[in-house]
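> Letter by letter, the chains look like this.
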Amino acid sequence: MDIFIQQLINGVTLGSVYAVVALGYTMVYGIIQLINFAHGEVVLIGAMVAFSVITALAPGGWPPLMVVAAGTMVAIPVCMAIGYGLERAAYRPLRNAPRLAPLISAIGMSIILQHLALLVWSRNFIAFPQIIRSEPYHIGGAIITNVQIAIIATSVAMMAGLALIVYRTRLGTAMRATAQNQHVAGLMGVDINRIIAVTFLIAAALAAVAGVMVGSYYGIAHYQMGSLLGLKAFSAAVLGGIGNLPGAMLGGVLLGVVEALGAGYIGDFTDNWFGSNYQDVFAFMVLIAVLVFRPTGLLGERVGERT
Amino acid sequence: MKQSKLVLTLVAAAVGLIGCGEEKKPEPPKVAAPPPPSIEIKIGSVAPLTGGIAHLGKDNENGVLLALDEANAGKIKIDGKDAKFVIMSEDDQADPKVGKTVAQKLADAKVAGVVGHLNSGTSIPASEVYNGAGIPVISGSATNPKLTEQGFKVQFRVVGRDDQQGPAIASYLAINNKPKVVAIVDDATAYGEGLANEVEKTLKAAKINVLPREKGTDKTVDWKAVLTKIKGRKPDAVFYGGMDATAGPLLKQGRELGIKAVFAFGDGACDGDKMKELAGEAAEGLMCSTAGIPAAAADSKFLAAFKKKFNSDPKIYSPFTYDAANLLIEAMKKANSADPAKYLPELAKMDYKGATGRIMFDEKGDRKDPEITTSVMKGGKLEPVAIFKAGQTVSYEVFLKAAAAAPAEAPKPAAEVAKDAAKTAAEPAKDAAKK
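Top line first, the protein sequences correspond to chains D and E. Residues 1 to 307 (my numbering) make up the first sequence, in order. Residues 1 to 435 (my numbering) make up the second sequence, in order.
Treat the hints with caution; some may be incorrect.
Said to hold, decoys possible - Partner residues are not named here, just some residues of chain E that face chain D (Cβ under 8 Å, in silico):
#1 A54
#2 K215
#3 G216
#4 T228
#5 K252
#6 G280
Unchecked claim - Below, in silico cross-link-like pairs of lysine to any residue (SDA-like), each with a Cα-Cα straight-line distance of 25 Å or less:
#7 E:K276 x D:I131
#8 E:K105 x E:A190
#9 E:K100 x D:V281
#10 E:K276 x D:S134
#11 E:K234 x D:H138
#12 E:K219 x D:V166
Because the hints were derived from the structure by calculation, they are not lab data. Note that CB positions come from ideal geometry on N, CA and C, so glycine has one too.
Pulled out of the complex, with its shape left as it was, chain D reads as follows (with noise of 0.2 Å):
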């Protein structure tokens, strides 16, 4: 019964940042219906920056959660130009192309910020400087570190954040009619452009928190770590239904807890047959599976609406 907690301590942390980083794809999309494919790579960048800023600052002996915090607080408007760059350069100028044009721009875009990390970090494993001690507590058998707390309550935190944008402000009120039309929020004085704008900005910003928690996380970064994280944070996003806020979040931790299930129990289940090394497997086939009969996700029934 302890592993399968920890089992599920392991999926909670790794899902909560899946949410997050789902929670941009589905923002981005929510907006005008293009699947960004180049944020996961926003995550690697802002995992990278924070790295260079807390390798930096790790020596000049400043309390650990001040260096990570700087680290953040540098990688988040880095990601955020980043995000706004994007935005302005790859998809504003094509918006009213055909829907394809913007996915392939999309694709370019996450190469071209791959290959800049590579320039920039080099090929290497990066490990992250480890100046925050990690304590282990106890629960009923099973671990949980400060620093999976940390992960968790930020996740949490920053999706309550956006909610509270997303519903409660005159901004998130104006994001919201944008999805819904953006011809008509137009002629109703929204400014589409820059409601568009800012939801890159606030994806990016996400993003930049996820890469930061992906790096001390793991105490690694590495400059493809950003593709597959981004394909399973936008399979997350579908998971829950894509477009849907609170789907992202619902998705991102179901994932995480599916893969660590998968990798824990799969070989059980198979007898062995199917190793560990098939985890995302396991977690693709549930997503599949839940594809199968529910084509517009978990909480998606919205999208199937819009056309």
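Please build the complex by placing chain E on the supplied structure of chain D, with the hints as guidance.
Using the frame of chain D, we list chain E on its own:
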């Protein structure tokens, strides 16, 4: 109009290029007469110089650089001409596909010999290319048995094989830690899986319960789910077959999850500094093997020269790539030719005293009776604790004493002084290795 002009320019440029290429080639023989005749001998060196294990690749390259530097300083004459050795260093990114491409590149450049590659996964496909081109290739670090089992006459290696390394670390683990249950994880590469299989065989032969294999990839950094599963089975030891870029996170996360078992690794994760960087305090107590003598036990002249040139100590396999490059040069001297076809037979029957001891090749191209070292991380430093040679484990002190007592003839003495306990426990290991 514009286009046709462009085409014309391109054609002109191409003609110019071809012209250049033709002019260059015949140069050496033509102009060779007036100054003392010299030949340029290209030696290839292949290792991942970028990526997760670039630090190991650089170490391997340094060994070759040092050997060539010394050879050039030694004013070697081959076929009456002053030989100038030049390194052609290639980066295979630890990727089998890239490995084959750079092998082809070296073959096209007509290198006289190659030292490399670092990984088994890249060495095996590349060996086919070298065999086709007839270029001798000596690996100073690839340990998968298959490399020399393909029947290629050009393939050699100066380190041990995984069917020696696996039994070595496994029998040390069995004797020293007496585990009842062992979990084995690998990274699904030729090297990691091969080594893990050998370890499993040895442990099973010693009647130790081995859990079903867990796997990741050579890029996996999230081991939590796998480790949690392993934790539930309460193993006394965990062995991981893979490189340090993934082994570091594995070790760190294992300790975070509260796994108390001893963690053992192969030579891919036996760079003490890197493991400390990646795993932090969790690195303390880890056990790992290398398929040769410890770098620090190499010839003192080599160690001094290495330190002087690179201002750092050799990591793991640079003494071996150094020897590999020297073997190529030595064979060329003996055959008085840098032509692979002519010096290859000399290389095969070489009996050479290198920085890592006496080197002779068996009929497959493997080093005869290589040493395997097991080390343990103590107080932030990897300390050699045992040497495995010819099926026997001896403690490191005994090995050093024996080596000091009989410096000239390295091959046998260590084995004879083996402790009785070590002997008996190593028996099953030997059997397993034979199978």
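> With a cut-off of 25 Å on the C-alpha distance, tell me whether K276 (chain E) and S134 (chain D) pass.
The hint holds at about 16 Å.
> Does G216 (chain E) hold up as a contact with chain D if the rule is Cβ-Cβ below 8 Å?
holds, 6 Å
> Between K276 (chain E) and I131 (chain D), does the CA-CA distance stay at or below 25 Å?
holds, 14 Å
> Verify the proposed pairing of K105 (chain E) with A190 (chain E), using a straight-line Cα cut of 25 Å.
holds, 23 Å
> Does the nearest C-beta of chain D fall within a distance shorter than 8 Å of the C-beta of G280 (chain E)?
Since the shortest Cβ distance to chain D is 4 Å, the answer is holds.
> Does the CB of K215 (chain E) sit less than 8 Å away from some CB of chain D?
holds, 4 Å
> For the pair we were handed, K234 (chain E) and H138 (chain D), check the Cα-Cα distance against 25 Å.
OK: K234 (chain E) and H138 (chain D) at ~17 Å, within 25 Å.
> Mind checking the alpha carbons of K100 (chain E) and V281 (chain D) for me, to see if they're no more than 25 Å apart?
violated, 30 Å
> Is the hint on A54 (chain E) kept, meaning its closest Cβ partner in chain D is under 8 Å away?
Interface hint status for A54 (chain E): holds (5 Å vs cutoff 8 Å).
> Does the nearest C-beta of chain D fall within a distance shorter than 8 Å of the C-beta of K252 (chain E)?
Holds, because the Cβ-Cβ distance from K252 (chain E) to chain D comes to roughly 6 Å (cut-off 8 Å).
> Between the alpha carbons of K219 (chain E) and V166 (chain D), is the straight-line distance 25 Å or under?
Answer violated: K219 (chain E) to V166 (chain D) is near 37 Å, above 25 Å.
> Does T228 (chain E) hold up as a contact with chain D if the rule is Cβ-Cβ below 8 Å?
holds, 5 Å
Consistency with the previously given hints fails for numbers 9, 12, ordered from lowest to highest.
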